[in-house]
Amino acid sequence: MINRFRKFDWSVVSTSVCRVLSGPGIWVIRPVARRITLDVVFAGKTRKLVIGEEQSVLIASMVGAEITCRDGAWRFQNISLFEVAKLLAFLECRLGDETPLPQAKCDRLIVVPAGLNACKFETWLIGHVPDADADAQGLFEFARAQECYWLVRFLLQEGAATKSVAALGKRYGVSESQFRRLCCQALGRSLKRELRLWRAVRAVLNVVEGRESMVDVAMRNGFSSSSHFSREIKELFGISPVQFRRGGK
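Numbering (the UniProt record's numbering), first residue to last: 1 to 249.
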């Protein structure tokens, strides 16, 4: 599986340098070498934030933050807000969660383990979805306040049954061109390409988790035939549906 947050580079900020993180965004912050105290202008307020050697901090903000450290260097990584919202929408939709509408796009500051980084973020998020603690729940509420979260949930619920982009846009309440722009921003690629991938993923899950014939799986997911289904899955994932059912063999 491709890690959508895969990233290895950190941006290092020297002592006494003021760094502006422009929102909207999510950032993971940690000391370079030892415990530090940050002056953070965040959500309209200035606060002092102590980060120990065994800690990191997540900042989630619509407008960003200004950060200065007087007693040591620090480093940060950017976590894609759109990818967080998209992944959370997928997971909660899959679990059948009835998520309440968020009250506001509240900025968040969350203490997390020191080992958390962009590369490990997807695993951390997936592990917290079924039973989120208070800190993780704060991040999830921030992600649910983004339009891309609700757009993805809408597409998961409506995309398979609705044939045209114009019809999807109408159901969403915007014009076709505006709907395409929203989808491109939220998904990072064209809607047609993304829906094609989602259909393939749903079909593969049916193959792996169920006992239906390949013909039944193909028909249920909108493929014209079992050969069309097999060809598309092999093109996207490199192995056939039969190989998926056999555990990749």
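Hint data in this document are derived by calculation from the structure and do not stem from the laboratory. Check the hints yourself; a few may be wrong.
To be verified - Listed below are the simulated DSBU-like cross-link pairs for lysine-lysine, each with C-alpha atoms no more than 30 Å apart in a straight line:
1. K192 <-> K170
2. K192 <-> K48
3. K234 <-> K170
4. K120 <-> K48
Hints, one by one, checked against the model:
no., hint, result
1, K192 <-> K170, "holds (16 Å)"
2, K192 <-> K48, "violated (46 Å)"
3, K234 <-> K170, "violated (33 Å)"
4, K120 <-> K48, "holds (27 Å)"
Hint check: violations occur at hints 2 and 3; the rest are consistent with the structure.
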